[in-house]
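Chemist: Next come the chains, spelled out residue by residue.
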Amino acid sequence: MEEITVSIPDTVKPKLRFLEEVSAATPGVSRLEMCIQCGTCGGSCPSGADMDHTPRALFAMIRAGMRDDVLQSNAPWYCVSCYYCMVRCPQEVHVTDLMYTLKRMAIREGYTDHEAAPDFSQTFIGYVEQYGRSFELGLATRFHLAHSPLRKVGIGTLALDMFARDRLSFVPTRIKGMDGLHAILEKAKAITRDAELTGGTQLL
Amino acid sequence: MKYGYYPGCSLERNAAAYDISTRAVARTLGFELDELDDWNCCGATEYIAINKLAAYSLIGRNLALAQQQFHANGNGHLAADGRAQLIAPCSACFLNLRKADRYLQEDAKLRDTTNEALAAGGLHYDPGTVFVRHLLEMIVNDVGYDEVKRHVTKPLNGLRVASYYGCLLVRPRLGGELSDAEYPTELESLTKTLGAEVVDFPLKTHCCGGHMTQISAEVAYELIRRLLQNATEYRADVIVTICPMCQLNLDAYQTRVNQHFGTNFNLPILYFTQLMGLAFGLEPKTLGFGKEIVSAENALIKIQRSPESAAAPAPSRPRKKKEEGLPMPRMPEDEEVTA
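Listed in order, the protein sequences are those of chains A and B.
Its first residue numbered 1, the first sequence is counted upward by one per residue in my numbering.
Its first residue numbered 1, the second sequence is counted upward by one per residue in my numbering.
Hints were generated in silico from the structure; no laboratory data involved.
In this text, all values refer to a predicted model and were calculated from it rather than measured experimentally.
Cβ atoms here follow ideal geometry from the backbone N, Cα and C, with glycine treated the same way.
Possibly wrong hints are sitting among the right ones.
Claimed, not checked - Far from chain B, some chain A residues (derived; all Cβ distances over 12 Å): (1) Ile8; (2) Leu16; (3) Arg17; (4) Leu19; (5) Thr54; (6) Asn74; (7) Tyr83; (8) Asp119; (9) Ile175.
Unchecked claim - Ranges of calculated distance between the beta carbons of each label pair, as one might list FRET restraints: (10) A:Phe163 <-> B:Gly82: 27 to 33 Å; (11) B:Glu12 <-> A:Glu186: 22 to 28 Å; (12) B:Ser295 <-> A:Val171: 40 to 46 Å; (13) A:Met34 <-> B:Asp142: 34 to 40 Å; (14) B:Gly262 <-> A:Val29: 43 to 49 Å; (15) B:Ser306 <-> A:Val171: 30 to 36 Å; (16) A:Asp161 <-> B:Thr286: 34 to 40 Å; (17) A:Arg108 <-> B:Ala72: 51 to 57 Å; (18) A:Gly199 <-> B:Ala72: 45 to 51 Å.
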């Protein structure tokens, strides 16, 4: 059988790589390439109304290589991880997992400076990297002082209610194997940095 | 029966009521929960947004430790297929652990690099050796409704319960979850076994807002409002949950939601293990009652259980059943019986 060749202009080719990049960086098999643009994802999304682009639109933009617009989108940051889109997608595209991939790419490529959502993730993880467990009081204090000082009265009342019922700890719990965990996470970050330098997108 | 137990960070303090009642219920039902030594945070929904490999390595450390503690020693935690069983009561921990195990099996590159990172801490994980299960799924499938019923000494007669699943136990479908991604019925069947009255709760698998209460509060408040409104419309006395995040959002933020929308919801949010303990005749104070922000006192009085064991029992108030009640859901096993 004769092979069909499509000629793609050289200026377009690198943009088409964006689809492969996003798909490869997603754990497991993303099935992003299988999207048929039906819109079931956006229709099932509890925060779809707050998104500048629904997941369906984002996936079309990824295909079109619109890197800037995709990574500037607020959609991944409004995703609440409810996975309704993922179980309803007729093509079994791993929509929620893809949203996390877009978050990672947006942070890495500097599209998210000083924004609340990425900062929340960073602050949360900062405590986990230091102690091995999450630390709610530290997280809430540090995050809300930086991002919503005006809310702190309300948050303070809530914190008092939680203290009164012994549901907030003043000090974080540190795991015994912190040295080992630290070594593991440093190694993981080093592997990721190497991949960044060599363009090993699958790791990112 | 013996299981590995991964409580997760929430159950240490914020959701201590879940941990206390889980251990109490385990004692009554006679299964052993063997806590994973020196477990670490699962990364919640945050680490994966920042660094994939670090997120998988963080979860991988828990899986590797579980393999070491429960699989290698073969000390009675094994499922029929030889996998070591690890029980997580928190839906987010459950999904993170389960999903990592699944994707590490599917994605060779991710598996190799995760193990490369784990090796820096002297650990190794063979994907597929640990069988991560949620506490509710294990109780329903391993213990079973009949065995639960056998231990019910103080049925929760007249207590109207809305069963709330949230998201991460029922979705995505990676195998081994509950019966349905959008309309499961296990929690209702269990609640009914405890003698409580199951109310319909159409939004039972809708989202509680997750971390949005912190990042974009108004988005979360609306999601919480819908849930409270729905349960209130069906005249629920309590909402019963299976996840510390859902409990926190619906309970601790209920006052804020009321302020934001001018509503006056007053629904206690309890863990399913707390209701099990009550029905097993255990004292409320041994099940973490009193830790909820929206007090469960009225609910306890309704089933003639005093919040304080020393206090006198409240007078019985028989519930008046209206003829034109709202439609009630039917359990699949009822259909079978009548069919």
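Chemist: The structure should be examined with respect to each hint, and the outcome stated for every one.
Modeler: Against the structure, the hints:
1. Distance check on A:Ile8: its Cβ is at least 27 Å (rounded) from any Cβ of chain B, clearing the 12 Å threshold; non-interface status holds.
2. No Cβ of chain B comes within 12 Å of the Cβ of A:Leu16; the nearest lies about 22 Å off, and the non-interface call holds.
3. No beta-carbon of chain B is positioned within 12 Å of the beta-carbon of A:Arg17; the least distance is around 18 Å.
4. Its beta-carbon lying about 18 Å from the closest one in chain B, A:Leu19 satisfies the requirement of being farther than 12 Å from that chain.
5. At the 12 Å boundary, the C-beta of A:Thr54 stays outside the reach of chain B, the nearest C-beta of that chain being 16 Å off.
6. The beta carbon of A:Asn74 is not kept farther than 12 Å from every beta carbon of chain B, the shortest such distance being approximately 10 Å.
7. Residue placement check: A:Tyr83 does not keep its beta carbon more than 12 Å from all beta carbons of chain B (closest about 4 Å).
8. Taking the minimum C-beta to C-beta distance to chain B, about 9 Å, the non-interface status of A:Asp119 is violated against the 12 Å cut.
9. The Cβ of A:Ile175 sits about 5 Å from the closest Cβ of chain B, inside the 12 Å cut-off, so the non-interface label is violated.
10. For A:Phe163 and B:Gly82, the hinted distance range of 27 to 33 Å is not satisfied, since their beta carbons lie about 46 Å from each other.
11. A hinted range of 22 to 28 Å for the beta carbons of B:Glu12 and A:Glu186 is consistent with their spacing of about 25 Å.
12. At about 28 Å, the beta-carbon gap between B:Ser295 and A:Val171 misses the expected band of 40 to 46 Å.
13. At about 37 Å, the beta-carbon gap between A:Met34 and B:Asp142 stays in the expected band of 34 to 40 Å.
14. The given range of 43 to 49 Å is respected by B:Gly262 and A:Val29, whose C-beta atoms sit roughly 47 Å from each other.
15. Checked against the hint of 30 to 36 Å, the C-beta distance between B:Ser306 and A:Val171 comes to roughly 34 Å, which is consistent with it.
16. Between A:Asp161 and B:Thr286 the beta carbons are some 22 Å apart, a value that contradicts the proposed interval 34 to 40 Å.
17. Between A:Arg108 and B:Ala72 the CB atoms are about 37 Å apart, so this pair departs from the stated range of 51 to 57 Å.
18. Look at A:Gly199 against B:Ala72: about 38 Å separates their beta carbons, and that is not inside 45 to 51 Å.
Hint violations for this structure: numbers 6, 7, 8, 9, 10, 12, 16, 17 and 18, all remaining hints satisfied.
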